[in-house]
Each structure stands twice: as C-alpha cells, then as structure tokens.
Amino acid sequence: MFAYAVKRLIQMLVVLWAVSVIVFMMMSFTGDPVFMVVPIDATDAEIAQARRILGLDRSLPEQYVLFLKNLLQGEFGRSYVFRQPALDLILERLPATLEIVLVALLIATVVAIPLGVFAGANPQNPLSRLIMSGSLVGISLPGFWVGMMLIFIFAVELRLFPSSGRGETVEFLGIRTSLLTANGWHHIVLPAVTLSFGTLAIILRITRAGMMEVMRQDYIKFARAKGVSRRGVLYGHGLRNGLIPVVTIFGLQLGDLIAFATITETIFAWPGMGKLLIDSIYRADRPVIVVYLMLVALIFVVVNFIVDILYTMIDPRITVK
Amino acid sequence: MTAPLLSVRGLRTWFHTFAGIVKAVNGVSFDLMPGEVMGLVGESGGGKSVVGFSILGLIDPPGKIEQGEIVFDGRDLAQLPEDALRRIRGREIGMVFQDPMTSLNPVQTIGRQMDEVLRLHTTLDARARRARCVEMLESVGISQAAERLGAYPHQFSGGMRQRVVIAIAMLARPRLIIADEPTTALDVTIQSQILRLMRRQIAEEGASMILVTHDLAVVAEMVDKITVLYCGKVVEAGPVREVIDTPAHPYTRGLIDSIPNPAHRLPRLNQIPGTVPDVRNLPAGCNFRDRCPRAQALCAEVEPPLIPKRGGQQAACHFPVAIGEPA
Amino acid sequence: MASRVLSSQLVFNWRRNPPAILGTLVVLLCAVIVIAGPLLVSQNPYDLRQLSLLDSYKPPVWLDGGDPRYLLGTDGQGRDVMASIVYGTRISAMIGVTAMLMACAIGTTLGLLAGYFGGRLDALIMRVADVQLSFPSMLIALFLMSAFGTGIDKVLIALTAVGWVVYARTVRGSTLGEVQKEYVQAAHVAGLSHAKIILRHVLPNVLTPLIVIATVQVGTFILIEASLSFLGVGVPITRPSLGLLIKNGFDVLFAGLWWNSVFPGLMIMAMVFGINLMGDFLRDELNPRLK
Numbered sequence: 001m002f003a004y005a006v007k008r009l010i011q012m013l014v015v016l017w018a019v020s021v022i023v024f025m026m027m028s029f030t031g032d033p034v035f036m037v038v039p040i041d042a043t044d045a046e047i048a049q050a051r052r053i054l055g056l057d058r059s060l061p062e063q064y065v066l067f068l069k070n071l072l073q074g075e076f077g078r079s080y081v082f083r084q085p086a087l088d089l090i091l092e093r094l095p096a097t098l099e100i101v102l103v104a105l106l107i108a109t110v111v112a113i114p115l116g117v118f119a120g121a122n123p124q125n126p127l128s129r130l131i132m133s134g135s136l137v138g139i140s141l142p143g144f145w146v147g148m149m150l151i152f153i154f155a156v157e158l159r160l161f162p163s164s165g166r167g168e169t170v171e172f173l174g175i176r177t178s179l180l181t182a183n184g185w186h187h188i189v190l191p192a193v194t195l196s197f198g199t200l201a202i203i204l205r206i207t208r209a210g211m212m213e214v215m216r217q218d219y220i221k222f223a224r225a226k227g228v229s230r231r232g233v234l235y236g237h238g239l240r241n242g243l244i245p246v247v248t249i250f251g252l253q254l255g256d257l258i259a260f261a262t263i264t265e266t267i268f269a270w271p272g273m274g275k276l277l278i279d280s281i282y283r284a285d286r287p288v289i290v291v292y293l294m295l296v297a298l299i300f301v302v303v304n305f306i307v308d309i310l311y312t313m314i315d316p317r318i319t320v321k
Numbered sequence: 322m323t324a325p326l327l328s329v330r331g332l333r334t335w336f337h338t339f340a341g342i343v344k345a346v347n348g349v350s351f352d353l354m355p356g357e358v359m360g361l362v363g364e365s366g367g368g369k370s371v372v373g374f375s376i377l378g379l380i381d382p383p384g385k386i387e388q389g390e391i392v393f394d395g396r397d398l399a400q401l402p403e404d405a406l407r408r409i410r411g412r413e414i415g416m417v418f419q420d421p422m423t424s425l426n427p428v429q430t431i432g433r434q435m436d437e438v439l440r441l442h443t444t445l446d447a448r449a450r451r452a453r454c455v456e457m458l459e460s461v462g463i464s465q466a467a468e469r470l471g472a473y474p475h476q477f478s479g480g481m482r483q484r485v486v487i488a489i490a491m492l493a494r495p496r497l498i499i500a501d502e503p504t505t506a507l508d509v510t511i512q513s514q515i516l517r518l519m520r521r522q523i524a525e526e527g528a529s530m531i532l533v534t535h536d537l538a539v540v541a542e543m544v545d546k547i548t549v550l551y552c553g554k555v556v557e558a559g560p561v562r563e564v565i566d567t568p569a570h571p572y573t574r575g576l577i578d579s580i581p582n583p584a585h586r587l588p589r590l591n592q593i594p595g596t597v598p599d600v601r602n603l604p605a606g607c608n609f610r611d612r613c614p615r616a617q618a619l620c621a622e623v624e625p626p627l628i629p630k631r632g633g634q635q636a637a638c639h640f641p642v643a644i645g646e647p648a
Numbered sequence: 649m650a651s652r653v654l655s656s657q658l659v660f661n662w663r664r665n666p667p668a669i670l671g672t673l674v675v676l677l678c679a680v681i682v683i684a685g686p687l688l689v690s691q692n693p694y695d696l697r698q699l700s701l702l703d704s705y706k707p708p709v710w711l712d713g714g715d716p717r718y719l720l721g722t723d724g725q726g727r728d729v730m731a732s733i734v735y736g737t738r739i740s741a742m743i744g745v746t747a748m749l750m751a752c753a754i755g756t757t758l759g760l761l762a763g764y765f766g767g768r769l770d771a772l773i774m775r776v777a778d779v780q781l782s783f784p785s786m787l788i789a790l791f792l793m794s795a796f797g798t799g800i801d802k803v804l805i806a807l808t809a810v811g812w813v814v815y816a817r818t819v820r821g822s823t824l825g826e827v828q829k830e831y832v833q834a835a836h837v838a839g840l841s842h843a844k845i846i847l848r849h850v851l852p853n854v855l856t857p858l859i860v861i862a863t864v865q866v867g868t869f870i871l872i873e874a875s876l877s878f879l880g881v882g883v884p885i886t887r888p889s890l891g892l893l894i895k896n897g898f899d900v901l902f903a904g905l906w907w908n909s910v911f912p913g914l915m916i917m918a919m920v921f922g923i924n925l926m927g928d929f930l931r932d933e934l935n936p937r938l939k
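Residue numbers (my numbering), protein chains in the order written: chain A, 1 to 321; chain B, 322 to 648; chain C, 649 to 939.
What the hints contain is simulated information worked out from the structure, not anything from laboratory work.
Among the hints, a few may not be true.
Lysine-lysine pairs mimicking DSS-like chemistry, simulated, CA-CA at most 30 angstroms apart [what the hints assert, rightly or not]: (1) A:Lys-221 to B:Lys-630; (2) C:Lys-844 to C:Lys-829; (3) B:Lys-344 to B:Lys-385; (4) A:Lys-7 to A:Lys-69; (5) B:Lys-630 to B:Lys-344; (6) A:Lys-221 to B:Lys-344.
Keep in mind that this is a model prediction, so the values were computed, not measured.
Please put together the full structure from these sequences, using the hints given.
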C-alpha cells in the first residue's frame with residue numbers, strides 16, 4: 001500500500017511537471033505580455049526594463065527554469081490587472097467554484113443513480129425508455145443554453161430565483177461559504193442545476209449500462225435461485241457491481257464540472273475562479289491563467305488518486321500493487 | 322407406493338424472440354421420487370437447462386412457461402406467485418450452476434453469500450448461522466472454513482468455487498438439488514471429485530437431484546435413472562442400466578457411442594452426424610430423422626409417441642434399436 | 649462478401665429502430681441545410697445591404713408585431729433569425745465534421761504507428777494520451793483558444809488537439825491485436841514493406857470501432873465549439889456559429905427578446921440529438937461492448 005502510494009505520488013508529480021511545461025510553452029509562444037504591464041505611451045527603454053523585470057529578455061530554457069523555480073516556491077506572480085498576487089486572487093474565488101461544482105455533483109448523483117439503476121434493471125419498461133431518451137437529450141444540450149433558459153423562465157418570467165450573484169456568505173472554518181445561508185442556497189439553485197445537466201445524463205447512462213451488464217451475470221441468477229427477492233438482488237447484488245464503472249468516471253466528471261463551471265459562472269455572474277479565468281483570458285492576464293491551470297491540474301491528479309483508492313475499496317478483485 | 326417428490330407433466334417453455342418462437346421445452350414429463358437422482362441428458366441447445374430453470378420459476382422474458390404442471394410436494398410450481406416461489410428457492414430446491422467462475426458475486430465475501438441463504442430461509446441467530454456455514458464448508462471439503470468465510474470468490478480456484486456453490490445450494494437442506502452441468506467448466510481431474518462430493522451430500526441429506534448434463538459418461542456413474550431430451554422433447558427415459566446398456570432410441574445410442582471410453586470395445590468414436598435442427602421451425606414428424614441412420618418414410622410424416630417398453634424404459638421411435646443390434 | 653452481409657444486416661435492423669430512423673432523418677436535414685443553406689432563406693444575414701434597422705427585434709411571426717417575412721423574428725440589426733440559424737448551422741456543422749476528420753486522421757496515424765512499431769514512440773504517444781485524458785476536453789480547448797485567439801482555423805486546431813486521443817488509443821489497441829495475427833506475419837515473410845502492411849492489412853481491420861467514436865465526436869465537437877464561441881474565444885463575430893448566436897441572444901434575453909437565443913439553441917439540440925441517436929444505434933450494431 002505504501003509503495004503504491006509513493007509510486008502514485010511520483011506519477012502525480014510527473015503529470016504536474018508535464019502540465020507546467022505545456023502551460024509555459026503555450027504562454028511563451030503567444031503574444032508578448034510586456035505590453036500588459038507598461039503604459040501605452042511607454043518608451044523603448046521602459047519596455048526593455050519591464051522585460052528585464054519579467055525575465056523576458058532571457059532564453060526560453062532560462063525562462064522556464066525561472067518559471068519552475070517560482071512555481072515551486074509558490075510564487076506565481078502578480079495579476080497584471082489587479083496588481084495582487086495571482087494565487088490569492090484564485091484562492092479567494094476557489095470556494096465559490098467548489099460550491100457550485102459540489103452541489104451540481106450532488107444533484108447529478110442523487111438523481112442519476114436511482115434513475116440509471118431503474119432503467120438498467122427494467123430495460124423494457126416504458127418509463128426506462130423515457131428516462132433514456134431524456135438522458136440523450138441531456139447530453140445533446142449545450143449547458144450554457146440550459147442556463148439561459150432557466151434564467152429566462154425562473155428568474156425573468158416567474159421571478160422565483162435570482163439570476164445572478166452568490167448571495168449571502170458566512171465564514172465557516174475560515175472559508176466563506178454561501179451553503180450555510182438560506183439566501184445563499186436561493187442563489188445557488190439555478191447555476192448548480194445548470195451545471196449538473198451534462199454530468200447527470202452521463203452518470204445516468206453509465207449506471208444503466210453497468211446495471212444492464214450486471215443483471216445479465218450468472219451470479220444474479222444464482223442469487224435468485226437462492227431465494228433472494230428481486231429488490232434484494234437489485235440492491236444487494238447488482239448495485240455495487242453496477243456502480244464500479246460509475247466510480248471510474250467520477251474523477252473525469254468532476255473535472256468536466258470544473259471546466260464547465262467557467263461557463264456557468266459567466267452566465268450567472270457567479271464570483272468563482274472560472275469567471276475569473278474567462279475575464280483573465282479577455283484581459284490576457286497571464287499569471288492568473290497560469291495559476292488557474294496549475295491549480296486545476298493539481299485538483300485533477302488528487303481526485304484521480306482518490307478515485308483509484310475508492311476503486312480498490314469497492315472492487316476486491318483489484319489489489320493494490 | 323410413495324408419491325413422487327417432483328412430477329413434471331407436459332411442460333412447455335417457449336421463448337418469444339423477434340425471429341420467431343423458440344420452443345426450448347416442448348412437452349416434457351417425468352417423475353422424481355424422494356432420494357432419487359435423475360440425469361437429464363442431451364446436446365447443448367436441447368432445452369435441458371431450461372427445464373431446470375422452469376422448475377425454479379427463473380424463466381425471464383421473452384421466455385414463458387406456456388403449459389404444463391410442475392408438481393413439487395403437492396404444489397404446482399407453475400401456478401405459484403413469485404413470492405411463494407421465492408420461499409421454495411434455496412430452501413426446498415437448491416441449484417448449482419454450470420460455471421463456478423461466474424456464479425458467485427465477486428464483491429461479496431463467501432461468508433456473506435452463504436449467510437444470505439440462512440437469513441432468508443431460517444430463524445437461526447447470527448452465531449448459529451455462522452456455525453452452520455462453517456460446518457457446510459467443511460463438509461464440502463474446504464479446510465480452514467472459519468477463516469475462508471471472509472475470503473472473496475476470486476481468491477478461490479474453480480474447483481473450490483464450485484464446492485462453495487454446492488455448499489450454498491445445500492445450506493438450507495433442500496429436498497431437491499438441480500445441478501446444471503456442474504462439472505463442465507472444471508478440469509477433468511476435479512470433475513470426478515466434485516461429482517463424488519455431490520453424490521455423497523445428496524445421500525447424506527436424503528435429497529433428490531436432477532443432474533443436467535450433455536455427458537452420458539458423467540451420468541452413468543451418478544444417477545438412478547435417465548431422461549434424454551432432443552429438441553425440447555423426451556426421446557428416451559428409463560433406469561440408468563437399461564438406457565445405457567440397451568438404448569432404444571437411435572439418438573441415445575449415438576450419444577453413448579460418442580463417449581470416449583476405452584472400456585467400450587468400439588473400433589472408433591462415433592459422432593452423431595449433423596447438428597440440432599433450428600428449433601424455431603421444426604418439421605413435421607420425428608425431429609431426429611435428418612440425422613438418423615434408421616429413418617424411413619414414416620418418420621417424416623408421423624411424430625413417434627413415447628412408448629413404454631420393458632423394464633420401465635420408454636422411447637419415442639418408430640424403429641427402435643433392438644438389443645444387441647448395431648445402430 | 650462479409651461487408652455486404654454486415655451492411656444488409658445493418659439496414660435490416662435500422663428499419664426496425666425508430667430512434668435510429670429519426671436520428672438519420674435529422675442528420676440528413678442538417679446536411680441539406682449545410683449544403684443548400686443559402687438557397688433556403690431569402691436573406692444573407694451578413695450582407696449589410698440586405699439588412700434594415702427598421703426591422704430590428706421583430707418577434708416570431710405568430711406573436712403580436714410579427715412580420716411574415718421573418719418567420720422566427722429578427723435580431724438587433726434586423727437580421728432574420730432563421731437565416732442566421734441556417735448560416736450558423738453551416739459553420740457549426742462544418743467545424744464539427746472537419747475537426748472530427750482531422751482528429752481521426754491524426755489519431756489513427758499515431759495509433760497505427762504506436763501499435764505497429766511499439767517501443768519508445770508507443771510509450772511517448774501513450775503517455776501524452778494518458779496525461780491528456782485526465783483533463784476534460786473543454787478545459788484543454790478553452791486553454792488553447794485563450795492562447796490562440798479567435799478564428800475558425802484555431803477552433804479546428806484546438807478541437808483536433810483534444811480529439812485525436814480517443815482514436816490513437818482505440819487504433820493502437822486493435823493494431824496490437826492485428827499485428828499478432830497470422831496474415832500480418834505472413835505478409836512480413838512475403839517481404840511486404842511496413843507501409844504496405846499497415847495500409848493494406850492493418851488499417852482496414854481497425855476502422856470499424858472508429859465509426860461510432862467519429863459519429864459521437866461530431867456532436868461533442870459541435871457542443872464544445874458552441875461553448876467556446878459563447879465564451880467569446882471561438883469563432884469570430886463575422887462568421888457566427890450557433891453558439892455565438894446564442895451569446896448575442898443572451899445579451900438581450902433579459903429584455904424578454906427570447907427568440908434570438910431560444911431558436912439557435914433548439915437547432916444545436918436537434919442536430920446533436922440526431923447525431924447521438926445515430927451514434928447509439930451504431931454502437932449497438934457495431935461494437936456492443938463499447939460504452
């Protein structure tokens with residue numbers, strides 16, 4: 001177990017290093033950030049000096065070494081726009097993003113798994129066919145358009161929910177969260193539902209496919225031959241086996257949610273790091289983009305690691321090597 | 322004379338597929354006395370497994386029991402509702418499946434899968450159940466049974482798993498065991514061990530057994546009587562010695578001749594020519610006639626009925642094989 | 649011979665599968681729009697001479713103030729929404745299909761090379777694929793577009809960059825299987841060059857599973873492109889795709905002018921839904937084990 005953890009840790013570091021190389025290269029080949037920091041009427045001398053301060057006058061490998069050194073020291077540079085450390089900007093908005101991502105994941109899981117189990121266990125049932133058609137519509141919809149429609153119906157026409165912003169937040173364990181206030185929940189419903197749509201459809205389809213595969217297995221029929229009821233077979237024997245493929249996609253789904261949160265946050269003016277990323281892209285605020293990408297990469301490798309551990313716990317056939 | 326434990330009469334189990342109705346079991350009758358072991362024999366696709374599943378009421382759509390009685394201990398299982406059947410499955414009728422590699426749930430411990438049977442069918446408390454599981458595992462020849470209860474199926478070999486499956490099937494002391502090709506998926510060396518084990522267990526418990534198999538060699542040393550199925554119908558039935566020594570139906574004769582047995586003084590291994598016909602549209606007359614060396618014009622017109630012969634033997638053939646006559 | 653049996657079986661099952669028929673019809677309809685689009689509508693929405701600001705923000709024809717010339721209403725420049733949708737569909741669909749073809753070509757090539765030659769090349773390609781697969785496509789595309797800037801060519805590159813991996817992985821897997829088969833060994837002995845063996849013997853045998861991937865990917869690409877354009881980092885405003893139309897409609901949604909965004913969204917949904925219906929059918933027919 002320990003050896004496995006160490007091996008995985010090394011893998012994670014390699015992935016993070018690869019991401020740092022790619023991020024650095026992309027950033028170096030596109031545009032000259034020096035113009036982001038100097039005034040429009042700057043002289044050549046001023047530009048040259050700014051370039052020296054940013055380290056842009058050195059060779060690419062040297063720049064990369066400097067970049068990596070700064071990363072390792074947690075020094076990510078200052079935002080060109082906000083003139084604040086980019087890391088602080090991102091971390092300040094991280095809780096807001098995690099809020100809608102986790103609430104969306106919760107909605108998707110709670111709705112999708114029972115529906116998927118039902119559809120997988122009763123493939124011929126008309127309701128199952130309806131569920132499956134619905135899920136196909138779900139993966140065919142542009143998420144941002146769903147958000148707009150929800151705003152139009154529930155915020156503009158019915159005036160049931162606010163169309164933007166995060167609502168009241170309170171401090172809890174040093175983190176500002178809106179999940180502990182009624183007003184916060186009122187604000188989070190629409191964006192979280194919007195964000196959950198695609199993930200819901202995918203988890204549903206994977207759950208159904210997993211259940212259908214499992215319900216065909218001999219051990220299900222053997223359990224019935226033992227006298228186990230249909231329900232008992234479904235939940236006692238089918239579910240855990242059927243959920244194995246669902247667990248494996250959980251990590252990637254969390255990643256998708258974080259990625260699509262950028263759009264949801266933009267539509268609902270949700271003050272998370274996704275909206276900050278989009279704003280920073282518009283403003284070519286490079287340090288913020290770099291921090292965002294590195295942080296998201298870190299989240300992904302950690303989540304994938306947790307998923308692997310979960311996987312070994314749910315399926316005893318897989319032993320940690 | 323005692324009443325039979327199980328009496329199957331005119332059982333028809335059909336599968337309604339898109340490509341037509343598959344008459345997997347099409348008029349099967351037999352009786353099984355308490356303590357008796359019967360071999361249900363035929364080639365794959367002959368409908369023998371479907372008979373087993375029909376008895377337990379485990380036929381799923383598009384399959385359906387169309388007709389017939391399955392009288393077990395005075396109750397017609399074909400008419401019982403699902404929850405009544407559930408109380409019979411595992412408690413009064415146990416089943417052993419073909420492939421031990423797939424018939425155990427991979428994510429549950431052996432102990433839990435065994436305990437489930439006792440939880441469903443007995444009022445024993447947790448300790449008594451555990452004791453019974455250990456006892457059962459030991460009696461099927463698994464050492465260190467108490468520790469093995471916490472193991473998962475993948476930690477066992479195929480032969481060991483089949484022992485566990487047999488233990489599960491017999492745990493609640495059922496009066497009938499249906500074993501569906503219980504040794505087909507195992508190594509030859511393990512096969513006879515498992516068969517001997519089953520035979521002993523059945524005898525100890527005084528239970529009856531239906532042994533479903535395509536392998537007459539297996540049947541010969543295990544069973545009291547034989548029922549041979551072809552295309553969903555009984556073509557021959559009778560006590561094991563009579564059927565093996567003096568088969569009346571050419572199909573049975575063909576099955577016996579294809580046993581690779583050095584004790585048989587046959588110069589070569591005879592295979593039955595041809596394959597099982599498409600059961601979706603069977604021709605009129607005898608289903609076996611296209612593969613039968615003895616077929617005549619009559620066979621294409623009239624389906625032969627099952628006719629009693631000497632010594633309790635029955636055969637459905639217009640031109641049965643006489644004793645000593647070559648096939 | 650085998651392919652004829654397969655195709656007739658495919659057609660046979662297709663005719664008994666209403667969702668598959670629906671999907672095919674929708675996709676064919678989209679193909680008609682893409683090919684004959686400008687002939688179907690009376691206005692070229694990007695020819696300023698054909699626009700009149702007097703006609704701006706007309707509602708759909710069945711509402712009060714609707715104009716019979718504009719079935720689905722108009723936008724702020726007096727553009728016919730239906731004409732915009734037709735032109736937008738062309739751009740969205742062409743981006744989806746072109747990017748899929750590019751991703752398929754590159755991914756298949758790399759997969760063949762990796763599976764056939766193995767070794768370091770294989771290790772390198774598969775490591776890159778592993779790393780890339782642990783990130784969501786949307787995020788990679790977004791990042792690339794943020795570095796490239798807007799443009800149809802750049803969208804194509806970004807989509808290709810995120811899409812090649814699935815082909816490379818699948819093709820590599822089936823190539824590994826094919827290479828071990830006897831006919832490939834025999835071709836080696838017969839002295840055929842690597843290129844000929846790969847193109848004549850391996851390639852045709854690894855293509856079938858790609859059909860499903862390719863079909864579904866067109867839908868995915870259309871959605872990703874729409875998202876990028878919605879965020880303003882996709883296609884340029886001079887050549888708006890459906891996603892950009894929705895973005896423009898979003899700006900006026902709060903004023904109650906819903907038809908500017910609702911109809912383009914419905915069009916995307918219909919198109920991707922049709923593609924996914926076909927994908928589901930093909931998956932069941934061609935490789936049922938693929939999830």
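Structure-based check of each hint:
{"no.": "1", "hint": "A:Lys-221 to B:Lys-630", "in the structure": "39 angstroms, violated"}
{"no.": "2", "hint": "C:Lys-844 to C:Lys-829", "in the structure": "16 angstroms, holds"}
{"no.": "3", "hint": "B:Lys-344 to B:Lys-385", "in the structure": "10 angstroms, holds"}
{"no.": "4", "hint": "A:Lys-7 to A:Lys-69", "in the structure": "24 angstroms, holds"}
{"no.": "5", "hint": "B:Lys-630 to B:Lys-344", "in the structure": "27 angstroms, holds"}
{"no.": "6", "hint": "A:Lys-221 to B:Lys-344", "in the structure": "22 angstroms, holds"}
Consistency note: the structure conflicts with earlier hint 1 alone.
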